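> Each chain, written out:
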Amino acid sequence: MWPLKWKKREQEYRRERADFFQAVGRLDRRSFMKIAGTAGALAAAQSILPPHSFQLVDVVEAQTAEKPLFRFAYISDTHLYERTLNERFVKATLRAVQDINALDPQPDFVLFGGDLAQLGQPAELELGKEILREVKAPIKMMVGEHDWFLDMGERWREHFGQPQYSFDHKGIHFITLMSVNEKDFWTERKMTPMERMLTVAGLDNSLQSRFEVGDEGRAWLRRDLAKVPRTTPVVIFSHSPLYKYYEPWNFWTADADQVQAMLFPFRSVTVIHGHTHQMLTHRIRNIHFHGMLSTAWPWPYAPEGLPKLTVQMDRADPFDEADGTGDGTIDVYRGGYVDKNHNLWSRNPLTVSRAYLESWGRTNVPPAPEFKSY
Amino acid sequence: MKTRFQKLKIFLIAVSLGSMILALAHDGSAVGQKFKPDLPPAIPADLWELLIPKDNPMTEAKVALGRDLYFDKRLSVDDTVSCATCHDPKTAFAQPTSVAEGVGGKKGARNSPTVLNAMFNVEQFWDGRAKSLEEQAKGPLINPIEMAMPSHEAVVAKVKKIPEYAKRFQAVFARPVNIDDLARAIAAFERTQLSGDSAFDRFNAGDRGALSEEAQRGFELFKGKGRCVTCHEFNASSPFFTDFKYHNIGIGMKASGNFEQLARQVQQMAQAGKLDADALDKLSLTEGFSELGRFLVTRQPKDVGAFKTPTLRDIELTAPYMHDGSMKTLRETIEFYNKGGEGNPNLDGGIRKLDLTEQEISDIEAYLKSLTSERVRRLTQGSSQFSVFSFQSSAVRKYSSVFQE
Amino acid sequence: MINKSYKLVTLAAFALAAFMFSFSDRTGQAISPGAVSAVAQQNQPRHPEAKSDSGNLVVQLCDGKTSMEIDGVREGEVLTPEKAREVAAKMMAAVAAEQSRQTSKWTERDRLTWEREQKRVIEEGDKLFHDWKALGGTIGISCDMCHPNASNTHAETYPKFQTQIKKVVSIREMINWCIENPMEGKPLPLDDPRLIAVEAYMAAQRKGVPLDPGKH
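Residue numbers (numbering that gives the first Met the number 0), protein chains in the order written: chain A, 0 to 373; chain B, 0 to 404; chain C, 0 to 215.
Rather than coming from a laboratory, the hints here were simulated on the basis of the structure.
In this text, all values refer to a predicted model and were calculated from it rather than measured experimentally.
One or more of the hints may lead you astray.
[As the list claims (entries may be wrong)] Cβ-Cβ distance ranges computed for the label pairs, FRET-style:
no.	chain 1	residue 1	chain 2	residue 2	range
1	A	Phe370	C	Pro158	18 to 24 angstroms
2	C	Pro212	A	Asp107	22 to 28 angstroms
3	B	Ala235	A	Lys243	44 to 50 angstroms
4	A	Phe370	B	Ala204	31 to 37 angstroms
Note that CB positions come from ideal geometry on N, CA and C, so glycine has one too.
Sequences are here, hints too, so could you generate the full structure?
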């Protein structure tokens with residue numbers, strides 16, 4: 000009796016799942032909304048839930064002193080698998096797109112923080128591209144190691160262009176760095192491209208090299224910075240944190256010191272990085288560093304090397320797939336420094352303000368979690 | 000018979016008056032014999048003690064007063080609605096309509112939660128807008144679609160006019176009737192309404208025969224594949240089948256209108272300082288706003304559409320289900336979870352498809368039906384409503400017939 | 000005590016039988032010690048090879064400790080069967096004598112076995128920890144994706160109240176919970192070798208951290 004029923008139920012489950020992925024495949028506006036689960040409620044053109052716009056009300060009320068020059072938003076570390084394998088990460092990415100699209104007013108642009116794909120496979124990158132196409136605001140793409148090491152960025156470049164570029168926006172100079180280069184560890188070991196990819200995709204193996212901007216990248220950066228007046232605020236997008244946090248997990252940029260040295264002469268520098276999947280805050284001299292949340296899953300804090308100014312996010316509850324994940328916005332102020340708004344999906348949103356960093360953590364201290372990692 | 004009962008009555012009055020006088024000598028603020036609970040086996044005695052507020056100690060006379068207030072329709076504007084109207088012992092202290100119905104048949108927006116074990120809730124109401132049973136009790140009295148009294152002052156004036164109450168308030172609290180004491184008495188009564196003597200409790204205490212095989216399989220699914228236990232927490236220290244937290248599972252997200260606009264309105268009200276307890280109470284029973292759930296209280300985006308995890312004890316007797324009473328049967332409810340709730344952007348990250356088979360759904364249903372208290376079941380089957388009380392208080396027996404319909 | 004000495008006798012008898020067998024094997028004639036060590040290399044743990052400074056033949060037992068220099072026979076020369084038997088008897092007697100003096104019944108060899116088996120299971124656990132398919136996951140999520148180096152698993156805090164399960168559980172039950180929930184697989188029997196291996200890996204990663212059951 001019940002094996003039959005069981006079978007029926009399983010078939011139904013598989014069919015629903017197949018439908019879901021098919022809908023992702025035909026990603027027109029209508030099916031997008033449908034799979035995002037809001038079709039009914041969205042009969043009225045406005046969206047159900049604009050988390051940031053709620054937050055916006057509070058922020059604007061609270062900070063009468065200075066209005067931001069502009070705001071941009073981010074989505075980062077989506078780690079999409081092929082669509083037949085993992086529905087959860089797809090849904091999380093859709094949720095982020097929906098969050099960002101609901102922002103009112105819309106952000107000036109959206110940074111994608113890297114690691115669009117989990118294993119750099121063509122189908123993964125294409126799925127990501129399809130979903131990101133739904134973002135209403137202009138999007139700035141950054142590459143992560145998960146996008147790169149299967150074919151050394153060939154597909155990614157076809158889809159999104161060069162991984163290293165700069166642009167100016169409202170008086171701020173923005174630079175997107177390719178900071179996940181690694182010295183060749185694969186040729187000698189006779190690794191296949193997938194073996195190389197899987198090695199880079201893991202944190203806790205000692206096989207891979209450390210990340211670096213590399214000689215060419217630094218030369219490019221030097222040329223780019225040469226054109227920028229030192230009084231112009233600089234904002235750097237880098238997938239890898241541009242400092243040395245924890246080497247065994249490659250939360251690390253081997254040539255970070257050299258890159259920082261190029262940035263010290265500027266009056267204000269902000270680095271927004273991905274890769275670490277956690278709330279991270281750091282300051283070295285004139286450089287403020289902010290980590291981005293992942294939509295896919297949170298990494299634990301490393302056992303040592305955590306920057307002192309970091310306000311930890313609460314320990315995530317694995318029962319809640321969204322806990323410890325999210326997206327966010329960044330308010331850029333005239334001086335160039337930013338307020339970083341972490342939109343943690345299952346927690347209250349939290350802002351790490353520029354005042355907190357400017358005072359070396361003495362004022363505007365964000366609330367700390369009760370249960371820190373250990 | 001009659002004379003014997005009357006004799007007993009006189010004796011009991013004498014006894015209770017005597018004990019009141021004795022107690023008066025010790026403590027003027029809380030008058031009366033200390034209440035000794037006869038707790039159901041599953042309820043931890045220390046926790047029960049711990050959750051009795053310092054400013055509202057339990058006495059037998061107070062419980063009896065609260066009990067009578069609880070059943071007294073005169074607390075409503077047109078003498079038609081009592082606490083028991085929506086939290087009826089005959090339906091396990093809940094109401095079999097989808098949403099609560101107050102004076103003149105006016106409909107609220109939320110299903111009546113049970114009073115059983117409500118004292119253990121961290122916060123009261125589906126959205127947790129009241130911190131205590133005392134605070135909770137004051138809300139419905141003046142909500143226009145519940146008991147609809149114009150104000151708390153009006154409630155006090157009305158109760159004062161009933162000589163029996165005036166006397167008993169004086170005896171219990173050693174001061175005239177006031178709204179806080181009225182709420183205290185009702186809350187004290189509610190703290191005697193407990194559930195913890197179900198077949199599952201016997202099973203859990205070692206009686207393996209207390210549950211059918213089906214229900215036993217259901218319990219395993221409840222803890223495992225069904226992912227139930229994480230929100231409907233059960234263990235010996237917290238045997239209430241709730242985590243007392245708030246989750247969006249999608250109920251009401253489909254039917255309701257524009258959440259963004261509603262939420263903004265709430266935000267604006269709060270910023271203008273217009274969102275006091277009364278306004279919040281009214282808003283929570285207003286269609287549309289009601290569906291914002293916990294957001295009304297915290298005004299945090301993650302709480303939009305989130306409602307408190309309800310207990311599962313006596314669940315068989317408290318249909319319909321969910322905060323809006325939109326589910327008629329347990330099976331329908333389990334099916335809802337099985338398909339992963341109702342998708343919406345704020346869906347709790349713990350809700351997902353479960354892939355339960357028909358048999359497994361039946362097993363969980365059987366398990367849920369094993370959570371019904373024997374005493375509560377007897378109560379709903381028409382035996383005297385007093386058999387549910389977990390005490391044999393002389394004072395209660397004495398007053399039990401005073402305000403009976 | 001009786002039991003212990005019985006085991007020792009058994010061990011000695013077994014070793015002797017194996018030794019004799021290897022001599023009579025193959026040609027039935029004299030056999031070079033090199034052949035013995037070749038067999039040893041295949042089936043036995045490796046020991047440092049004993050050598051004599053004087054260039055005499057050294058015969059070594061598979062315990063890795065007992066060896067004997069044979070006067071008058073150069074390294075590379077073969078022993079006659081009679082001589083070999085004599086050497087074997089002497090060496091086994093030496094082993095028996097040595098064993099009778101020991102206060103522990105556990106030998107270096109036992110320790111080696113324990114360590115190697117532990118290591119083997121830890122390595123197996125390490126592999127499983129990084130392989131979602133091997134643990135029955137269905138959505139591409141492996142343990143290390145949330146717990147690099149088994150961080151945030153805190154093997155030293157179990158058994159403890161686990162908030163997802165709402166009761167005090169062993170670490171294996173929690174691993175099973177992760178298999179069933181984030182990894183969307185089916186839970187394994189609690190004595191499944193895979194669970195034990197993952198537990199061994201997690202515990203090894205926390206080696207030296209004070210035991211603190213119940214810590215959150």
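> Compare the structure with each hint and give your call.
Here is how each hint holds up against the structure:
Range check, Phe370(A) to Pro158(C): Cβ separation about 19 angstroms, and the 18 to 24 angstroms hint holds. The beta-carbon spacing between Pro212(C) and Asp107(A), approximately 52 angstroms, falls outside the hinted interval of 22 to 28 angstroms. Separated by about 49 angstroms at the C-beta atoms, Ala235(B) and Lys243(A) satisfy the suggested range of 44 to 50 angstroms. Restraint check, Phe370(A) to Ala204(B): a C-beta distance of roughly 33 angstroms satisfies the suggested window 31 to 37 angstroms.
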